[in-house]
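Colleague: Quick mapping for you: the protein sequence lines, in order, are chains H and X. Using this note's numbering, you'd call the opening residue of the first sequence number 1 and step up by one each time. Using this note's numbering, you'd call the opening residue of the second sequence number 1001 and step up by one each time.
Please keep in mind that the hints were generated in silico from the structure rather than gathered at the bench. Heads up, a few of these hints could be off.
Partner residues aside, some chain X positions facing chain H, computed with beta carbon under 8 Å [what the hints assert, rightly or not]:
{"id": "1", "residue": "Gln1033"}
{"id": "2", "residue": "Tyr1037"}
{"id": "3", "residue": "Ile1048"}
{"id": "4", "residue": "Ser1096"}
{"id": "5", "residue": "His1132"}
{"id": "6", "residue": "Leu1150"}
{"id": "7", "residue": "Glu1222"}
Pairs of lysine-lysine residues, derived as BS3-like cross-links and limited to a Cα-Cα distance of at most 25 Å, are as follows [claimed, not checked]:
{"id": "8", "chain 1": "X", "residue 1": "Lys1066", "chain 2": "H", "residue 2": "Lys232"}
{"id": "9", "chain 1": "H", "residue 1": "Lys90", "chain 2": "X", "residue 2": "Lys1109"}
{"id": "10", "chain 1": "X", "residue 1": "Lys1204", "chain 2": "X", "residue 2": "Lys1169"}
{"id": "11", "chain 1": "X", "residue 1": "Lys1169", "chain 2": "X", "residue 2": "Lys1114"}
{"id": "12", "chain 1": "X", "residue 1": "Lys1229", "chain 2": "X", "residue 2": "Lys1218"}
{"id": "13", "chain 1": "H", "residue 1": "Lys232", "chain 2": "X", "residue 2": "Lys1114"}
{"id": "14", "chain 1": "X", "residue 1": "Lys1218", "chain 2": "X", "residue 2": "Lys1204"}
{"id": "15", "chain 1": "X", "residue 1": "Lys1109", "chain 2": "H", "residue 2": "Lys232"}
{"id": "16", "chain 1": "H", "residue 1": "Lys90", "chain 2": "X", "residue 2": "Lys1229"}
{"id": "17", "chain 1": "X", "residue 1": "Lys1169", "chain 2": "X", "residue 2": "Lys1229"}
{"id": "18", "chain 1": "X", "residue 1": "Lys1228", "chain 2": "X", "residue 2": "Lys1218"}
{"id": "19", "chain 1": "X", "residue 1": "Lys1218", "chain 2": "X", "residue 2": "Lys1169"}
Glycine residues also receive a C-beta, built at the ideal position from the N, C-alpha and C atoms.
As a plain string of letters, each chain reads:
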Amino acid sequence: MAAPIQSAIRNRILGALPAVEFALVVANLTSVDLELGQTLHRAGEEIAYVYFPEIGFISVMAVLSEGAPLEIGLIGGEGVAGVSVILGAKTSYNEAMCQTGGAAHRMTVPAFLNAAERAPRLRDLLLKYVHVFEIQVAQTAACNAHHEVSQRLARWLLAAHDRSGVPELSLTQDLIAVMLGVRRSTVSVAAGALQRAGLIQYQHGRITIEDRPGLEAAACECYRAVVGEYRKLLGIDPAVVAAGNQAPAIGL
Amino acid sequence: MTSPDADTLPVNRLLALLAARDYEALRPHLHRQPLEYRESLYAAGERIEFVFFIETGVGSLVNTMKNGQAAEVGTIGNEGVVGLPLVFGDDRAPTSVYIQVPGEGLKIKASLFKRALARSPTMQVVMLRYAHALFNQVAQSAACNHFHSLEQRCCRWLLMTRDRMDSDKFLLTQEFLAMMLGVQRPGVSIAAGGLQRAGLITYKRGAVAILDIDGLMKRSCECYAVSKKEFDRLLGD
């Protein structure tokens, strides 16, 4: 398989690397498909690969010993799954699962760590990304404590849409219910209200956003807060790729 | 303000993990100071001027919403450092940090901390390991805030504080505990009253005394044991 060309890469971290660092990384990248429901990292198990998503998004879920897992963060084309290895992690604390079909570039952990050591810009971006991902998780912790399901649903749809890189999301209500840690019927009611307000279209498990400003207004402040941190720290606007615009270079 | 002696072992567990040379680079710039109850070590959005290595007492990472609703998303004690965003290249604090249980800590100028960090890959490794443990705690809190009962979370919080204080007694107002747990004060009153009647704690005039640790562990959610194990594993206790 031919090595990917940097200009054709959608992942924002890989896309932001200087040519000399990309050259260092690309030899170790393998393109893989992401299947709906595929688990990339299982809680408590060794992290074998690091994934740079191109299309589709990955849910990071906290797993408790009883009951359902709860989503704590999303990773799409703006990020990296398995990045905690750069902090010295060997095993995954959380579960990383593909919520849509998609594609990614992956690297073995030793190759990834080796590249991060030799490529200062990559290392800098990865550390900033870990930090901003943690901000996303902390915001979610506070959001889960205080915000209404309808606000959280709106936030989640915006964030998922931003990261997926595609205009239409295929998601069952069961899946969204697990992500938000609520019952399916609760999701049904909340999604119905967003649809009647003309903000989304939800049919046969396919969701499109009809009125983005309206959906942003319906979301809790957590959506904007997290987007602001991505912009500030990484110079990435998670929404740009989804909107179909050319992704600007990350400027730091 | 005094710097720690060269010949005494650091109280802070992160400092104790540092290579002798790394610790020695920081030591002359560390100044011991009291950490006052409710003191803000830094506020969300502000530039981080100082880094704190807590020796006793507990700091809380608090996310505050625009309407003032707050929730604690993580705690930092003698196992950690307040100022982690600097390790990731962020000079501004994304969340506020308050002292929830008073004590003492070692303070160092952010610029000096960053300089030492930039010069020492071994110090970076220790800081990143801690960041990972704290990150896991925040992840656990996200799920915990959502799924677990107020009483369970209250038990978890009291146990975590006890570990950090290394004492069964500490000061804590109900108002502050309410903020930590992201609930209204009456909710905390009810939860604490229940624990008191069960003989697990006493809680009078803002002073908590833990009477029955095993009892508290039984009523706590699993998050206490999970987070503790994770910190101990990562910090190699």
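Colleague: A separate judgement is required for each hint: does it hold in the structure or not?
Modeller: To see whether the hints hold, each was checked on the structure:
1. Interface hint status for Gln1033 of chain X: violated, as the beta-carbon distance to the closest one in chain H is roughly 26 Å, over 8 Å.
2. Because the beta carbon of Tyr1037 of chain X sits about 22 Å from the nearest beta carbon in chain H, more than 8 Å, this interface hint is broken.
3. Proximity of Ile1048 of chain X to chain H is violated relative to the hint, the smallest CB-CB distance being about 13 Å (cut-off 8 Å).
4. For Ser1096 of chain X, the suggested interface contact is broken, since its CB lies about 11 Å from the closest CB of chain H, more than 8 Å.
5. Taking 8 Å as the C-beta contact cut-off toward chain H, the hint placing His1132 of chain X at the interface holds, the least distance being around 4 Å.
6. Against a cut-off of 8 Å between C-beta atoms, the interface hint on Leu1150 of chain X is violated, since the closest Cβ of chain H lies about 11 Å away.
7. For Glu1222 of chain X, the shortest C-beta to C-beta distance to chain H is roughly 5 Å, which falls under 8 Å, so the interface hint holds.
8. Under the criterion of a C-alpha separation no larger than 25 Å, the hint pairing Lys1066 of chain X with Lys232 of chain H is consistent with the structure, at around 19 Å.
9. Between Lys90 of chain H and Lys1109 of chain X the alpha-carbon distance is near 32 Å, which puts this suggested pair outside the 25 Å criterion.
10. Restraint check for Lys1204 of chain X and Lys1169 of chain X: the C-alpha separation of about 11 Å stays at or below 25 Å, so the hint holds.
11. Between Lys1169 of chain X and Lys1114 of chain X the alpha-carbon distance is near 36 Å, which puts this suggested pair outside the 25 Å criterion.
12. In summary, the hint linking Lys1229 of chain X to Lys1218 of chain X is supported, as the alpha carbons are separated by about 16 Å, within the 25 Å threshold.
13. Taking the CA atoms of Lys232 of chain H and Lys1114 of chain X, the gap is near 20 Å; set against the 25 Å cutoff, the hint holds.
14. Using a Cα cut-off of 25 Å, the hinted pair Lys1218 of chain X and Lys1204 of chain X holds, with the two alpha carbons roughly 23 Å apart.
15. Note on Lys1109 of chain X and Lys232 of chain H: the hinted pairing holds, with a Cα-Cα distance of about 23 Å set against a maximum of 25 Å.
16. Simply put, Lys90 of chain H and Lys1229 of chain X have alpha-carbon atoms about 15 Å apart, close enough for the 25 Å limit, and the pair holds.
17. Taken as a hint, the Lys1169 of chain X and Lys1229 of chain X pair is honoured in the structure, with Cα atoms around 23 Å apart against an allowance of 25 Å.
18. At most 25 Å may separate the alpha-carbon atoms for a hinted pair to count; Lys1228 of chain X and Lys1218 of chain X meet this at roughly 15 Å.
19. A hinted pair counts as satisfied when its Cα atoms are at most 25 Å apart, and Lys1218 of chain X with Lys1169 of chain X qualifies at roughly 19 Å.
Of the hints listed earlier, those the structure fails to meet are numbers 1, 2, 3, 4, 6, 9 and 11, in rising order.
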